[in-house]
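One-letter residues, chain by chain:
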Amino acid sequence: MTAVSASHLSKKYAKVQALKDVSLDVSEGDIFGIIGPDGAGKSTLFRILTTLLLADEGTATVNGLDVVHDYLKIRAQVGYMPGRFSLYQDLTVEENLTFFASVFNTTVQANYELIKDIYQQIEPFKTRRAGALSGGMKQKLALCCALIHKPSVLFLDEPTTGVDPVSRKEFWDMLKRLKKEGISILVSTPYMDEASLCDRIALIQEGLFLKTDTPQNIVKAFDRELWSVQSDHMSRLLTDLRMNTEVESCFAFGDAHHVTHKHTFLKEEALTSYLKNLGHSNIHIHQIQANIEDCFMRLSDTKSL
Amino acid sequence: MNTKETVPEGKVVVARNLTKMFGGFTAVDHISFEVDKGEIFGFLGANGAGKTTAMRMLCGLSKQTSGHAWVAGFDIASESESIKKCIGYMSQKFALYEDLEVWENIRLYAGIYGVPEKEIAPKTDELLQRLGFESEKHTLVKSLPLGWKQKLAFSVAIFHEPKIVFLDEPTGGVDPATRRQFWELIYQAADRGITVFVTTHYMDEAEYCNRVTIMVDGRIDALDSPKNLKQQYHAKNMNEVFHQLARNAKRTEK
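Chains as they are written, first to last, in this note's numbering: chain A, 1 to 305; chain B, 1 to 254.
Treat the hints as calculated values from the structure; they're not laboratory data. In this text, all values refer to a predicted model and were calculated from it rather than measured experimentally. Backbone N, C-alpha and C fix where the C-beta goes; we use that ideal spot for every residue, glycine too. It cannot be assumed that every hint is accurate.
Claimed, not checked - Covered stretches of chain A (chain B as the covering partner; in silico rule of three or more C-beta atoms under 8 Å from a C-beta of chain B): (1) 48 to 61; (2) 84 to 95; (3) 220 to 232; (4) 251 to 258.
Unchecked claim - Each pair of labels, with its calculated beta carbon distance range: (5) A:Thr214 / B:Ser78: 54 to 62 Å; (6) A:Lys15 / B:Lys118: 34 to 42 Å; (7) A:Thr214 / B:Glu134: 55 to 63 Å; (8) A:Ala221 / B:His234: 28 to 36 Å; (9) B:Glu98 / A:Asn105: 15 to 23 Å; (10) A:Lys15 / B:Glu117: 55 to 63 Å.
Starting from the given sequences, assemble the full structure and let the hints guide the process.
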């Protein structure tokens with residue numbers, strides 16, 4: 001079964017082409033990640049799929065319902081957490097939740113089981129106004145409000161942006177529990193390391209899907225040997241590696257630089273002696289597996305050529 | 001007592017038992033540290049750990065409850081106006097005026113920071129050339145791609161050659177290639193002697209800092225080079241270090 005299906009969606013705002021011929025299929029019960037930087041078109045895609053915006057071209061369905069003709073039915077069946085905090089700042093935590101439940105003709109009690117784990121974390125503050133909550137708590141409240149009518153499909157637009165790594169991990173643990181309840185989730189994020197937590201992902205840049213597949217397959221399809229290079233002068237190493245005529249690309253990745261080579265095989269000894277001659281010491285070179293960020297940069301580079 | 005005498009030579013930031021309380025809540029709890037000239041100093045911590053509050057005090061925007069701190073040799077309690085003149089500040093949220101052209105934004109900030117009138121025009125051209133932005137001089141900032149805006153915002157924040165620049169999550173939401181180019185700008189600034197004080201949620205970026213602090217519940221629970229921190233916590237990378245420390249957080253978010 002397909003929870004969400006989009007076929008050749010395009011959308012243009014004045015001069016900006018926000019989406020270019022985008023297609024995707026989210027299987028029921030899957031977590032599908034839309035991964036890319038700000039301004040790539042993620043929110044536009046979410047607004048079209050949640051029936052808030054009309055596409056210029058293409059079609060889309062949610063639970064088999066057409067986003068244009070069946071928009072009212074869709075709205076009753078999906079939960080949507082927009083990128084910007086969308087709750088009523090002047091209502092308390094509890095009032096927000098009750099309000100969203102009543103809008104969907106249900107009660108907090110009826111679906112309490114689904115949100116219990118998350119809501120209990122903010123319950124001590126239920127009389128506080130939503131506007132006075134910290135970022136992490138707003139995010140939890142927004143998720144509760146998006147879930148209170150027991151939707152079968154959840155749309156989460158950048159739920160973890162600006163959130164620290166520990167809270168991000170907690171948020172993804174919550175998503176995994178919701179997946180177990182059978183809820184299909186479409187989630188967008190600018191954090192490439194969250195890709196591995198999704199069943200399938202689409203990498204998006206400038207309105208274009210660079211690739212859609214499982215994170216494992218995308219990593220496997222990296223079409224170059226990738227090498228990790230370290231020395232005692234990491235900042236200078238970056239420049240020196242780029243000066244080497246055999247080096248195709250070189251990017252900083254935390255404590256190592258990731259290097260691809262113009263020819264199929266890197267001559268490790270040759271590169272080591274090249275770096276030694278430039279005064280580098282403690283040189284470590286070894287082959288590594290690409291990660292999603294490597295793939296994203298490689299794909300966006302080859303697409304723009 | 002002349003408090004200035006307690007500022008050690010070559011230290012751009014000195015904090016001694018710096019504390020901020022909001023009512024009964026201790027947001028920043030007796031933190032002490034020093035930052036060297038030209039250092040890239042990473043300031044990490046979970047949401048609500050007290051990073052922003054600490055940074056606001058150091059920028060002269062918020063008064064401490066107790067403790068002392070000096071930025072660029074000035075006392076944050078009594079000389080905050082002098083501090084504002086010799087620091088730069090950039091955050092993801094507050095960057096540039098969208099409805100001004102590129103050169104107008106530079107002109108405006110240069111004026112605010114007191115760059116002498118006749119230096120502004122030639123320095124603007126030099127900056128645009130270095131960034132490869134010459135053709136965008138008269139472009140409205142709102143029509144620039146996000147990555148360009150962020151590079152421009154950083155360059156504007158250091159246009160007056162401050163002693164120290166505070167960067168509050170400068171790379172949030174930008175694509176991976178631009179994020180790396182941004183760090184190359186940070187390196188160049190540090191090489192020119194500008195001290196960089198930076199917060200980030202990207203743990204690979206913590207590796208690019210000379211030293212990193214990790215705040216937990218308003219305290220500084222770790223402060224060392226990434227290499228030493230990884231050794232100390234038997235961690236593969238800074239992400240593991242961060243998780244080990246932040247897990248100890250007791251206080252629920254405010």
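Each hint, compared with the structure:
1. Chain B is given as covering the region 48 to 61 of chain A, and this is violated because 0 residues of the stretch bring a CB closer than 8 Å to a CB of that chain, at least three being needed.
2. Evaluation of the coverage hint for the region 84 to 95 of chain A: breached, as 0 residues show C-beta separations to chain B shorter than 8 Å, against a requirement of three.
3. Counting residues of the region 220 to 232 of chain A whose CB lies closer than 8 Å to any CB of chain B gives 0, so the stated coverage by that chain is violated, three being the minimum.
4. Using a Cβ-Cβ cut-off of 8 Å, 5 residues of the region 251 to 258 of chain A lie near chain B, which meets the minimum of three, so the contact claim holds.
5. A beta carbon spacing of about 60 Å between threonine 214 of chain A and serine 78 of chain B agrees with the range 54 to 62 Å that was offered as a hint.
6. Checked against the hint of 34 to 42 Å, the C-beta distance between lysine 15 of chain A and lysine 118 of chain B comes to roughly 37 Å, which is consistent with it.
7. The hint said 55 to 63 Å for the Cβ distance between threonine 214 of chain A and glutamate 134 of chain B, and at roughly 44 Å that hint is violated.
8. A C-beta distance of roughly 34 Å is found between alanine 221 of chain A and histidine 234 of chain B, which places it inside the suggested range of 28 to 36 Å.
9. About 41 Å separates the C-beta atoms of glutamate 98 of chain B and asparagine 105 of chain A, a value inconsistent with the hinted range of 15 to 23 Å.
10. A C-beta distance of roughly 36 Å is found between lysine 15 of chain A and glutamate 117 of chain B, which places it outside the suggested range of 55 to 63 Å.
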